[in-house]
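On the provided structure of chain A, position chain B as indicated by the hints.
There are 2 protein chains.
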Amino acid sequence: MRIAIASDHAAFDLKAELRDYLIEQGHDVADLGPESADRVDYPDYGYKLASMVADGTAEYGVALCGSGIGISVAVNRNPSCRCALVSEPLSAALAREHNNANCIAMGARLTGIDMAKACLDAFLSTPFGGGRHGPRVEKLSNPSIHGSA
Amino acid sequence: MRIAIASDHAAFDLKAELRDYLIEQGHDVADLGPESADRVDYPDYGYKLASMVADGTAEYGVALCGSGIGISVAVNRNPSCRCALVSEPLSAALAREHNNANCIAMGARLTGIDMAKACLDAFLSTPFGGGRHGPRVEKLSNPSIHGSA
Chain A
7 MRIAIASDHA
17 AFDLKAELRD
27 YLIEQGHDVA
37 DLGPESADRV
47 DYPDYGYKLA
57 SMVADGTAEY
67 GVALCGSGIG
77 ISVAVNRNPS
87 CRCALVSEPL
97 SAALAREHNN
107 ANCIAMGARL
117 TGIDMAKACL
127 DAFLSTPFGG
137 GRHGPRVEKL
147 SNPSIHGSA
Chain B
7 MRIAIASDHA
17 AFDLKAELRD
27 YLIEQGHDVA
37 DLGPESADRV
47 DYPDYGYKLA
57 SMVADGTAEY
67 GVALCGSGIG
77 ISVAVNRNPS
87 CRCALVSEPL
97 SAALAREHNN
107 ANCIAMGARL
117 TGIDMAKACL
127 DAFLSTPFGG
137 GRHGPRVEKL
147 SNPSIHGSA
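Residue numbers (this note's numbering), protein chains in the order written: chain A, 7 to 155; chain B, 7 to 155.
Honestly, the hints are just simulated from the structure, not real lab data. Hints may contain errors.
A pair counts as met if it fits within one copy or between any two copies, since identical chains are not told apart.
What the hints assert, rightly or not - Here are the simulated lysine to aspartate or glutamate pairs, DMTMM-like style, with alpha carbons at most 25 Å apart:
no., residue 1, residue 2
1, 123, 144
2, 123, 37
3, 54, 144
4, 123, 94
5, 123, 41
Excised from the complex, chain A in its bound form (with noise of 0.2 Å):
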């Protein structure tokens, strides 16, 4: 499976952490930077992120900064992602069974590293589980057609 993995400074280390645990895993990991822990503007990783999800290059995406808030809301800008930021492995599993979510997002300051890698598992071992859910799904990738923006 390829996913790909970006961050910010706050979130350097766990980026290394967690992609190693994905290759380790078997997964063919996309690493989109930054490549060192100088300070940069997480927006630009998240947009990367994102348009690498969208365009199928990557099945998921993995997005982290200091508290996963700023990351998440600008993979979220990305009609096409769905982005959950999750601290523990329940919620991990229901951005996947509820909102077929194909983004995680995760704070490096608040969330350690095991906690982490069991929200990556829980995320990446759970089906959507279709159904009523479907409609809600699709209107996420709609926003201009239900009164947003």
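This is chain B only, laid out in the frame that chain A set:
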């Protein structure tokens, strides 16, 4: 302060409790629905809330669904909204301090009423930190010039 609040059916009771809590604190609250616990689609209510915050009718938005994930994605489709999905007060405060968030999302099936109130308190009492955070927040308002969508 004018605050808009919206939910889906899963968070109908939490919406009523938080609406009353905000009114008790002297806020002017617009309850955007739903008006019963009958099944609805969270994007419809997320988009409605986002529009009200985007046009300035409400200063802040409170978005609630079962996990908080779906409605937070919907609200963040609007480039004028910065919606933080939170489950504890530290994230709620960081959302304001670092991201100048104007919307807060919570999950009624995951976050209890007292924790939700503590999140609201932290959100409403924390000012934006400005400084280095300013240009990053600005980028969240202009996704199109940064390669998204």
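Within, between, both or neither: residue 123, residue 144 at alpha-carbon 25 Å:
For residue 123 and residue 144, the Cα distance exceeds 25 Å both inside one copy (29 Å) and across copies (31 Å).
Status of residue 94 relative to residue 123 across identical chains (alpha carbons, at most 25 Å)
This pair counts as both: shortest intra-copy Cα distance 10 Å, inter-copy 20 Å.
With identical chains, the pair residue 123 and residue 37 could be close in the same copy or across copies; at 25 Å between alpha carbons, which is it: within, between, both, or neither?
within (17 Å within a copy, 38 Å between copies)
Regarding residue 123 and residue 41, is the shortest C-alpha distance of 25 Å or less found within a copy, between copies, in both, or in neither?
within (21 Å within a copy, 39 Å between copies)
Given a CA cutoff of 25 Å, do residue 54 and residue 144 count as a within-copy pair, a between-copy pair, both, or neither?
both (23 Å within a copy, 17 Å between copies)
Violation of the numbered hints given earlier is confined to hint 1; every other hint is satisfied by the structure.
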